[in-house]
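Listed below, chain by chain, are the residues.
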Amino acid sequence: MDIGQGYLIAIKILVRGRGLYIQLVVSTLLLYYTIFVKHPQIVYLLILVGMLNVLTALLSDIGSHSALFYVLRICGAKPPTITTYVLTIAVLAALIGLVPVIALADFIKVVTALTINIIASTSLLYYVFLTVKKNLVLSIA
Amino acid sequence: MKLLNGALTMYDISVMLRDVWKSYKFGSEVITVLRNVNAVFKQGEIVGIHGPSGSGKTTLLRIIAGLERPDRGDVIVSGYNLNLLDEVGLSMLRNSIVSYIPQDYGLVETLTVFENIELPLLISGVGKVSRVKNVSEIMKYMSLSGKENLRPTYLSGGERQRVAIARALVTKPSVLLADEPTANLDWSNAVKVMELFRDVRRDFNTAIVIVTHDPRILEFVDRSLNMVEGMLKEITPKPRLQ
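Going down the list, the protein sequences come from chains A and B.
Read left to right, the first sequence gives residues 1 to 141 (my numbering).
Read left to right, the second sequence gives residues 1 to 242 (my numbering).
I should point out that these hints are in silico values taken from the structure, not numbers from a laboratory.
Here the structure is a predicted model, which means the values were calculated and not measured.
Errors might be hidden in some of the hints.
Okay, the calculated beta carbon distance ranges per label pair [said to hold, decoys possible]:
hint : chain 1 : residue 1 : chain 2 : residue 2 : range
1    : B       : K192      : A       : Y33       : 49 to 59 Å
2    : A       : P79       : B       : G157      : 28 to 38 Å
3    : B       : D203      : A       : V111      : 54 to 64 Å
4    : B       : D104      : A       : Y44       : 20 to 30 Å
5    : B       : R216      : A       : I116      : 51 to 61 Å
6    : B       : I235      : A       : I116      : 56 to 66 Å
The C-beta atom is built at its ideal place from N, Cα and C for all residues, glycine as well.
Construct the entire structure; sequences and hints are all you get.
Put into structure tokens, the structure is as follows:
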């Protein structure tokens with residue numbers, strides 16, 4: 001499976017899940033919120049809420065991600081395929097969660113927020129993958 | 001090519017297990033799941049492994065599929081010693097030579113029937129035109145035509161099992177491993193699934209290994225093995241069913 005196909009599967013799972021829509025709704029509300037609330041520190045709140053938004057969105061689709069990791073492992077997906085999938089989901093989720101932050105923050109804060117979101121998302125997805133892999137090994141029957 | 005005295009050659013053997021042991025450690029306790037397992041599974045035969053829950057049947061299948069490694073012993077699948085393969089090698093084995101059908105079918109609910117079945121081909125980098133052709137052929141063989149765009153949620157238990165089998169067969173594997181394929185089905189659907197395995201054996205010449213706790217399923221296999229406390233013993237040689 002080349003990188004292109006891993007990317008396409010990730011898009012399908014993302015678009016068909018609930019998480020994307022949760023993220024879009026929350027990001028839109030946060031953007032709307034910034035119109036009415038003017039405070040010098042609000043950008044930090046937006047960064048924090050943005051990260052929680054990303055993690056909530058991923059957790060709401062955790063069943064789909066677990067199922068896909070399970071199947072990819074059974075069907076013989078190589079490690080780079082899993083990595084492509086994880087990074088695609090993590091980057092896209094992080095970018096969507098960043099929308100309200102971009103409206104207010106400077107470049108450094110945006111890049112910092114993006115990096116934190118990607119690290120958090122990737123960590124969560126890899127944790128799920130490792131759990132699936134471990135359960136495939138440890139379930140005795 | 002077979003020897004004149006009827007002995008098996010390496011060309012006939014799909015899976016060979018030699019002195020396989022497997023244990024798990026839980027804290028200070030060690031549970032031995034497989035004890036000195038020796039077995040040979042041939043091309044074009046259906047082998048049923050019967051045993052109670054916890055006897056090691058699923059662990060055995062997973063070791064043959066390369067999802068787990070034995071503590072001791074050799075597992076040779078289509079000439080490849082799994083102990084000599086790394087993770088990438090084992091992944092390639094699962095993608096092309098061995099197919100594993102888990103007890104819960106392992107379908108992705110977010111993907112359509114077509115997308116579930118094409119996953120192994122997608123993983124191996126097969127082009128779109130070939131994928132569509134191969135998946136359509138296997139769906140027709142499994143009587144799943146017309147259900148391409150449905151999600152697994154909308155399928156019956158028997159249909160979900162057929163999708164899982166279709167996904168396993170789309171790569172035309174040499175070895176098909178099925179973990180309790182009839183456990184979630186009523187008896188009439190279970191019979192249909194077993195008859196499907198017999199068709200697959202005939203049409204694909206695949207070695208099929210089925211684990212089950214239901215002794216009635218053994219009526220449909222060519223050879224039965226009993227697994228008790230990690231040890232495998234032949235039950236009774238059965239005449240090949242037509």
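Which hint numbers does the structure go against, in order from smallest to largest?
Those not satisfied come down to hint 4.
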